[in-house]
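Novice: Here the protein sequences line up with chains W and U, keeping their order. First residue of the first sequence? That's 103 in this note's numbering, and the numbers climb one at a time after it. First residue of the second sequence? That's 33 in this note's numbering, and the numbers climb one at a time after it.
Hints listed in this document are in silico derivations from the structure and should not be mistaken for laboratory results. Just so you know, even glycine gets a beta-carbon here, dropped at the ideal spot from N, CA and C. Any given hint could turn out to be false.
Computed beta-carbon distance windows for the label pairs [said to hold, decoys possible]:
no. : chain 1 : residue 1 : chain 2 : residue 2 : range
1   : U       : ASN358    : W       : ASP211    : 19 to 25 angstroms
2   : W       : ASP211    : U       : GLU305    : 53 to 59 angstroms
3   : U       : ARG375    : W       : ASP114    : 21 to 27 angstroms
Here are some chain W residues the structure puts well away from chain U; computed CB gaps all over 10 angstroms [claimed, not checked]:
no. : residue
4   : ASN122
5   : PHE145
6   : PHE203
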Amino acid sequence: MKKILVVDDEPDLTMLVRLNLEPMYEVREENHALKALETARAFGPDLILLDVMMPDMEGGDIAAAIDADPKLKHTPIIFLTATVLREELSAPVAFIGGRPFMAKPVDMDALASTIEKVLEG
Amino acid sequence: MDISSLGPNLLRTLIDHLPDSIYVKDVQGRFVLDNATHTRIVGAASTDEVIGKTVYDFFPTGLALQYDRDDMSVIHSGQSLLDREEPIIDSGGQPHWLMTSKVALRNGSEEVIGLVGISRDVTRHKQAEEERDRFFQLTPDLLCIAGFDGFFKLLNPAWTATLGFTAEELVKQPYIEFIHPDDRDATLAQAAKIARGAPMAQYDNRCRCHDGSYKWLSWSVSPSIEHRLIYGVARDITEARAAAKRLVDANIELAHSEAQLRETMAALRASHEDLIQTQMHLIQAEKMDSVGRLAAGVAHEVKNPLAILLMGVEYLSHHIPADSDNAPNVIRAMRDAIHRADRIVRGLLDFSGERQLNLQPHDVREVIEQSLLLVKHELLSGHVHADVDLPPGLPHLQLDATKMQQVFVNLFMNAIHAMPQGGTLTVSGSHSVFRESVAEGSRVTSLRVGDPIVIIRILDTGHGIPADKLQRVFDPFFTTKPPGKGTGLGMTVTRKIIELHGGTIDLRNRPERGVAVTLILRPSEGVSQ
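Given these sequences and hints, build the entire structure.
Specialist: Printed below as a string of structure tokens:
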């Protein structure tokens, strides 16, 4: 079973993502941005769902750290954000720096299909 | 009665009762006879005091010498001196004029033995004549006598003073030669009327001066048919006419100034109203800015709870008991509510979004065509026919293509929603020049009269907007759509984007049916195609 790490400062959100994805994937939650890299190294996820805005560390910085990590650098990331950017207006899935990007609240079906595509790709 | 026997008595009675002065002198100039009138003039008490005396006894030497010279001339030549005007000073020192005739008196052998003098006092007549002459000479009016032959006969000095020609120059050629060519026909017509016996004619014409200029004369003319003469009085009204014209001009100028003043006042009033409008818009804009900032903060904070709710609903939807009839409906209602809340939050973020535009020169046709592609599905399912008339020559516009696409999609969607039974969506464009009237109903604009503009019109054939709601379509959270269908922010955002582009948007019901939206945009400077 593929492994997914969900990083978001909202425990309820990560819990519900886990509950929704668990039948298909093994899901690990991480609510502390500063621990995200460490957890990822330990867990070895096939994909990371990463919140963009968190209190301790920005999602973008975490992504940069993952890119720099020899073990994790090929791990795909899907960004989740509560901020609406212009790119989001025209399409349900947009990309930032080549990475997919989804706006909260995320439709479960859309999230599931995006995860599927990224894992296949 | 034997008249001849009366002799000297008859003579005395006759001469004493004549008003003329009568006297007889001998060849030495001594009075030998005079009548009562003469006695009174020389200041003697009786004729006895006069007899034997000469003019030197009664008159100042200067006058006496003149009289004596005349007397001697008659006596020596025997020729009569007739109607001689001579001045005298009477005994009271008053000057008089006498009309005197002196005739030689001869005896039986035709020898001159003296003279008979007869003098009439013409002082009053003479004074009247002098006054008339003085009047003729001194009046500033132009007096003249002209013949029916077309020549001046007599002119007073005012003519020379007014026109600069001497009287000799004026009488030498027909007077019509001095009249302005344009006034000659009318003048000749007046002269003919007078010659036919009209008692009087009054008219104005222009008379040439010695320096070539013309003066306006106002004529009053009467004829003497018997003498074939015209008596004319003319007055120089050149200055009066100029003054009258100046007055008329001044009146016109005044009326003009008044009209200008009224216009300025109206313009002032209009700009004052504009200013009040602008002020209100600014207050409104400031308010919307604060609302926008607040909305952005709130929206962001609301998105995470919404995400949790949506995830929760998703989870529950997979865990509802198989025998539950209502649970799927409850789940659907909750999911719809979350999506609705999400749309509103997105609208708020949009509304409060960045004010920076990514401006590039774009062909507005391409932007519109791309926007139409995005609503293609809605057009088809709504049975709406799109009629696009965008001429190829429209100038490029400085646009943020993404934002303008949002504007067009929004306007197209509104039009489609306004035609639930289907209809026609018309999009047309034209290139023009800004006039106040084309932006009527729009808000304040930076456009100036004469600026080149591109006008985009979007028309639908839908149900239109109720008049009482038309004013509010741009208000945030105002919507004419059923609950859940619109956020009430679409038109607010649309107008904001248009105004950020320096353009205007006007929305009104079409007289026939549906709504007309007019966008006015400014072409890129220095870019034609």
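Novice: Could you run down the list of hints and mark each one as holding or not?
Specialist: Right, here's what the structure says about each hint:
1. U/ASN358 to W/ASP211: 19 to 25 angstroms: holds, 22 angstroms
2. W/ASP211 to U/GLU305: 53 to 59 angstroms: holds, 55 angstroms
3. U/ARG375 to W/ASP114: 21 to 27 angstroms: Holds, since U/ARG375 and W/ASP114 (Cβ atoms, about 23 angstroms apart) stay within the stated range.
4. ASN122: violated, 5 angstroms
5. PHE145: Its Cβ never comes within 10 angstroms of chain U, the nearest being 21 angstroms, so this holds.
6. PHE203: holds, 14 angstroms
Of the hints listed earlier, the one the structure fails to meet is number 4.
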